[in-house]
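Peer 1: Sequence:
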Amino acid sequence: MAPASRIPGSGLAKGLAVTLRTLTRRTVTAQYPDALPDLPPRSRGVIALFEENCTVCMLCARECPDWCIYIDSHKETAPPAAPGGRERSRNVLDRFAIDFSLCMYCGICIEVCPFDALFWSPEFEYAETDIRDLTHERDKLRAWMWTVPEPPALDPAAEEPKEIGAARKAAEKAAAARDTGGTGGAAPGDGPA
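The numbering of the sequence shown is my numbering, which starts it at 426 and goes up by one.
No lab work stands behind these hints, which were simulated from the structure alone. C-beta: ideal position from N, C-alpha, C; glycine also. A few of these clues could be false.
As the list claims (entries may be wrong) - If you anchor each label on the Cβ, the simulated ranges turn out as follows: (1) ALA600 <-> LEU461: 34 to 42 Å; (2) VAL443 <-> ARG520: 49 to 57 Å; (3) ASP555 <-> ALA583: 47 to 55 Å; (4) SER468 <-> ASP497: 27 to 35 Å; (5) ALA600 <-> ALA552: 58 to 66 Å; (6) LEU579 <-> HIS499: 22 to 30 Å; (7) ALA595 <-> THR502: 37 to 45 Å; (8) LEU527 <-> HIS499: 20 to 28 Å.
Required output: the full structure, derived from the provided sequences and hints.
Peer 2: Right, here's the structure in full:
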């Protein structure tokens, strides 16, 4: 329920006041092609590929809701590392392409990649005159990788990660055991008989 002391037409007066304030300000036009805009650090432009980290697991292509990622690969066998060992096989990336005419920039492919092979690049100037040219192959995706900004620095007041804290405690415990002569812990190989 509205207050009883409300003046009729006060909403209209407030709206007109905003309009008058805007009319008196100087307009600022961004001269885009001549002056590039300052983008926020986490802006989403295109998807960049760090090819060395890609293991051709196909997770990004399977999880893409638009099916706009095309991956081709072949298997290569490597000789055994030690005599008497078995040969190892690994996937080798032949083609990695993203059709940006289909991509909806949801970022699912980047989030599901377990090997950090895909990143957001702030590049946004990749328009083409033909829609068929919006399918960018791995060489173009690789070139965009070098425009990816570095991740922000960690907050100095943040808590230490659990993994680092556990590793530090284990190192301090091992150093204390070494300083006291090693009587505090069991030797490697000791165990129940």
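Peer 1: Each hint: holds or not?
Peer 2: Evaluated hints:
The given range of 34 to 42 Å is broken by ALA600 and LEU461, whose C-beta atoms sit roughly 53 Å from each other. Range check, VAL443 to ARG520: about 54 Å between beta-carbon atoms, so the 49 to 57 Å window is met. Between ASP555 and ALA583 the CB atoms are about 48 Å apart, so this pair conforms to the stated range of 47 to 55 Å. SER468 and ASP497 have their C-beta atoms about 30 Å apart, which keeps the hinted 27 to 35 Å range intact.
Between ALA600 and ALA552 the C-beta distance comes to about 59 Å, which sits within the given range of 58 to 66 Å. With their beta carbons about 40 Å apart, LEU579 and HIS499 fall outside the hinted range of 22 to 30 Å. Checked against the given bound of 37 to 45 Å, the beta carbons of ALA595 and THR502, roughly 39 Å apart, stay inside it. Checked against the given bound of 20 to 28 Å, the beta carbons of LEU527 and HIS499, roughly 25 Å apart, stay inside it.
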